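Protein chains in written order, with this note's numbering: chain S, 1 to 325; chain U, 1 to 254.
Quick caveat, the hints were computed from the structure, so don't treat them as lab data. Everything hinted at is true.
Only pairs whose alpha carbons sit at most 27 angstroms apart, straight line, appear in this in silico DSS-like list of lysine-lysine:
no. : chain 1 : residue 1 : chain 2 : residue 2
1   : U       : K251      : S       : K324
2   : S       : K187      : U       : K152
3   : U       : K80       : U       : K103
4   : U       : K2        : S       : K187
5   : S       : K260      : S       : K222
6   : S       : K171      : S       : K15
7   : U       : K249      : S       : K324
8   : S       : K260      : U       : K251
9   : U       : K152      : U       : K103
10  : U       : K145      : S       : K187
11  : S       : K293      : S       : K260
12  : U       : K249      : S       : K260
13  : U       : K216      : S       : K152
14  : S       : K206      : S       : K15
15  : U       : K145      : U       : K2
16  : S       : K206      : U       : K251
17  : U       : K103      : U       : K2
18  : S       : K293      : S       : K231
19  : S       : K260      : S       : K15
20  : U       : K103      : S       : K187
21  : S       : K187      : S       : K15
22  : U       : K145      : U       : K49
23  : S       : K293      : U       : K249
24  : U       : K249      : S       : K206
25  : U       : K216      : U       : K103
26  : S       : K231      : U       : K251
27  : U       : K49       : U       : K103
28  : U       : K249      : S       : K231
29  : S       : K222      : S       : K206
30  : U       : K80       : U       : K145
31  : S       : K324      : S       : K222
32  : U       : K251      : S       : K293
33  : U       : K145      : U       : K103
34  : U       : K152      : S       : K260
35  : U       : K2        : U       : K80
36  : U       : K152      : U       : K80
37  : S       : K231      : S       : K260
38  : S       : K15       : S       : K177
39  : S       : K231      : S       : K324
40  : S       : K206      : S       : K231
Bear in mind the structure is a predicted one, so any value in this text is a computation, not a measurement.
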Amino acid sequence: MAGNVLIIAEHWNGKLEGVTFQMLTKGRELADAMGVSLEALVVGGNVGGMAEQLATAGADAVFVVDDAALANAAGGLQAEAAVVALRGIAPRLTLVGYTLVGMELGPAIAVRLDVTAMTNCVSVDYVDGAVTVARPVYDGALHARIVLDADKPALVALQKGATPTAELASKNASVQKLAIDVSSLPKRGEIVQFIEEPVSDIDITKADIIVSAGRGLGEASKLPMIDECAKALGGLMGCSRPLVDQGWLPRERQVGASGKTVTPRVYIACGISGASQHLAGMSESRMIVAINKDANAPIFQVAHYGIVGDLFEIVPELTAQARKG
Amino acid sequence: MKIVVCCKAVPGAVTEVAVAQGNVLSYRSQFQSMNECDEYAMEEAIVLKRQMGGEIIALTMGGITTQDILFTAAAKGADKIVRVDAQAQDPRAASIVLAAALKTLGADLILTGTQSRDSLSSFVGVATAQQLDIPFAFAVTAIEKDGDNSIKVRKELGGGRSADVRLPLPALVCIQTGIQPLNYVPPARLMRARQQRPTSLSLADIGLTQDDLASKGYRIASVAPPVRTGQATMIEGTPAEIVSTLLAKMKEVR
Ligand SMILES: Cc1cc2nc3c(=O)[nH]c(=O)nc-3n(C[C@H](O)[C@H](O)[C@H](O)COP(=O)(O)OP(=O)(O)OC[C@H]3O[C@@H](n4cnc5c(N)ncnc54)[C@H](O)[C@@H]3O)c2cc1C
Ligand SMILES: Nc1ncnc2c1ncn2[C@@H]1O[C@H](COP(=O)(O)O)[C@@H](O)[C@H]1O
Chain S
1 MAGNVLIIAE HWNGKLEGVT FQMLTKGREL ADAMGVSLEA LVVGGNVGGM
51 AEQLATAGAD AVFVVDDAAL ANAAGGLQAE AAVVALRGIA PRLTLVGYTL
101 VGMELGPAIA VRLDVTAMTN CVSVDYVDGA VTVARPVYDG ALHARIVLDA
151 DKPALVALQK GATPTAELAS KNASVQKLAI DVSSLPKRGE IVQFIEEPVS
201 DIDITKADII VSAGRGLGEA SKLPMIDECA KALGGLMGCS RPLVDQGWLP
251 RERQVGASGK TVTPRVYIAC GISGASQHLA GMSESRMIVA INKDANAPIF
301 QVAHYGIVGD LFEIVPELTA QARKG
Chain U
1 MKIVVCCKAV PGAVTEVAVA QGNVLSYRSQ FQSMNECDEY AMEEAIVLKR
51 QMGGEIIALT MGGITTQDIL FTAAAKGADK IVRVDAQAQD PRAASIVLAA
101 ALKTLGADLI LTGTQSRDSL SSFVGVATAQ QLDIPFAFAV TAIEKDGDNS
151 IKVRKELGGG RSADVRLPLP ALVCIQTGIQ PLNYVPPARL MRARQQRPTS
201 LSLADIGLTQ DDLASKGYRI ASVAPPVRTG QATMIEGTPA EIVSTLLAKM
251 KEVR
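Chain U extracted, bound-state conformation (with noise of 0.2 angstroms):
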């Protein structure tokens, strides 16, 4: 099983957040880490390829420095990293491109996360399915082998209800946050996984241009912290006062 997981570089600590050039956001950050629940499909991806065999390629989109998160994937098990140097903010473009990615690298299985931290969107995935034109399943909390030539996946609904879908493959697939426990990178081994060469595609060795990366149908007006809709009342004092102000709001409930 040729599995492919799309992993992200996500900011953290952002500050300075503003609508720049090209309708996209700029900001600054004091790191980025491989996005949660890609961790999880990194997570996920170990645990098939012990199951079934085959090979786990990781896949990011973004600029080079970006690469650090392919380490972390390959020091977790990833047989192989890619990286495609372009850079999109915009989900649509960002599925455009990974689609490209994962048709020159073909897959049987592709894992993408549910919702990266940063867009928040969880657009990504299912949109590169549709771009590939594949079967795919939103939310899956478990993943087990059905036959030769299928997939069958637990997803979730909400409110505490689940499906089980069988996929025909190839397929994709994002993956939910607590599939299976996270394994401690051990810092020896991130050392030595930073010893591989990540293979680095660009636009034109998957056939795009940079056209295909435009944000369309949309203008970003401005980001700012977002007006009080409710009237919170703030308790301030002592954490004494606080809690006994706290009890006495809670008694004029019904």
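Extracted from the complex, chain S is given alone in its bound form (with noise of 0.2 angstroms):
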């Protein structure tokens, strides 16, 4: 089948995200594998910098639809853009971040190209001519591997984190600016304004140590166990986002996708299952340490250290034993 590899940018004021770079990797990787080039597009309104910047970074071509009123626009808008430019450029394989902005996007653009679409991914690979994935099912703690037709487009969702970043050889890729009409595009919605959460006293962002409280703990009157815990290391308390969705801990405590994206020197998590969100918040941490009592749980995968036991018997014996230093 013709067509290249194509990855879609992802981007926030101005600057290319982290996950663009991991595809970028995976992508060349993918492409060499194939036989095929690389191309990157770069949706947005004033995003041409960053379209020089992929020219530099590995892709052999970076496509641009570049129009002040894609800054404001709502996702359909943006998804019917990427849409019009995929037409053209007609890749066999799009690659998208498996992220907030790429769960809305991922889908609405794989619908309206009729291509097989695969999210959720772990990874991606191309064995024995096809394009194969693997992704979380049933609460995570199995992966299923799924082999796409050779003969059909398709679009992969990536999990942040989920291949590593390496720095690319310059393709020195040419630039090419398409001349889609926006305005000719049905607008459905816009964004009113975007808000950015300020930074608040507790940053856990900061700490050196974070010991992170999931929903194994079953009650918020135990919080205070894991916030001693968090204290007598010298470190502060984190949380998966069930706890701020039932109102146990503020929104500046949660680690993840939609939360904070943190790299302590070592996070431990206690009573958490290691969802794929939540891994994009914390997977960087230098040592990883889990306390879960089911051996099966998706959080061991990212481990460094992992301990099978119940967390009210090790994070209080962990308070007392930092204590005693």
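Please dock the two separately framed chains into a single complex, following the hints provided.
Take a look at the structure:
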């Protein structure tokens, strides 16, 4: 089948996001294995600078849809602009990030182009002439390995942090500005304002050690146990999303895709299963410790040290020994 | 305002997962429950109805056993409960079925969740909006009325960022967990809700055939616990032993 590998660049505030470089690295490997080119597509308002950056970051060709109207466009228009571009470029395999932005754009694009879509992928490889992905199912303890038909274009949404970033040799790619009349596309809503969370007093991104609580904690009244442990270790308490959703802790404590990205020296996950959206916020921590009573919990996939056990036995002991010094 | 909430019955405590005939996964499960973010979507619908009036329809696609979650939806406050009698694990197929059912039902506002716990796709909501050609927003944490024919929603963009988006109606919004507190459903209310008869729609009723549900473009090769990519060292022993080993290891990391 004809067509190249293409990545859709993700960016914020004029800067390319880390996941873009992860996709470039993976995309390079796939394109080389398939014997095709690696293309990148940037869609947005005033994105020319980023396109230039991509041109020396390892892509063979860079396409840009640059229109001021896209800066405040709702997902529908962003997707439609990408769709028009992709119809022309006709890649065989498109990569997007499985991020909050990609979770909206990916399905929207895939439906319009009628391509095979695989979201939440932990890996994508070219095996025996077919693109093959792995993705979690049923709470993430199991992974399905899925082989994509070789004769149909596909879109794969790759988890943030699933593949490493490598420094790629520049291909001095050409940057091609696509002449797409964005004003002629259906608008379907508009962004009224962007909001960036102000930096709060408790900044877990600065912590040397984070002790994080998950739903395994069972009830809010047990939170002091985690907080004391974090303090005894000279660190801060973090948490998974359900604790914030239930109003147990403020959003500033939340680690993950829709919370904070943290890279402490030590991250201790207590009663956290390890959903991809949680891992997205802590997988780069230097040492990850998981305490979970389920030996199959996905958190053990990323942990450096695993403790299969009851957090109510381990955490108080950790606090006590840390206090003794 | 006519609000349709798409809710999915998801299996819990799943075991014996295997690749089965027809490119699907078979499994055993001990119970089914309403997908978590769909529960939040239901709560949001109730709040919106309180503010704006109108009606709430809970819609699910699934076999007969999945109608249990519709009773939960009715107990929470759905005025009407509808099940499309079809089974499709493929998210694209699910979006085709839901879109066809939604065309039949009609709606000003459609709420879905962000992700279902079994397929973990985050696909069906936005895909359904695209099948219907209507505006959408993903990972929404607040909805308010904005004039007669539009809503304003706050959606998450990740990393503590969000955006306020104005969407003309009809629109589809994928609800994020935490949007409203979850209300406890008293068993008596659930019992009463079980007296209701869900409307059952066949594929033919919504103008589809079994062929529309085919999973196309891929083959599920295997399903298994992932190969450990990391080198997680398991620390064993009594809690005291485990902790002293752990503290020693923690001292080594720079
Ligand atoms: C768009 C989107 C964005 C999201 N963003 C985030 C995010 O930013 N951050 C985030 O965390 N999640 C996020 N999520 C939610 C995520 O998908 C998971 O639902 C969530 O991370 C689960 O939290 P948990 O691990 O604490 O709970 P669960 O998945 O319920 O896991 C609880 C764990 O505790 C263990 N356990 C229970 N009792 C004990 C005990 N006594 N001792 C030890 N272990 C015990 C269990 O074995 C289980 O593994 C997002 C989801 C979506 C769809
Ligand atoms: N069979 C179904 N019936 C009703 N709603 C569904 C169904 N499958 C998915 N959905 C909706 O789509 C959302 C996202 O699911 P998914 O794409 O599978 O992660 C869910 O939260 C539901 O609101």
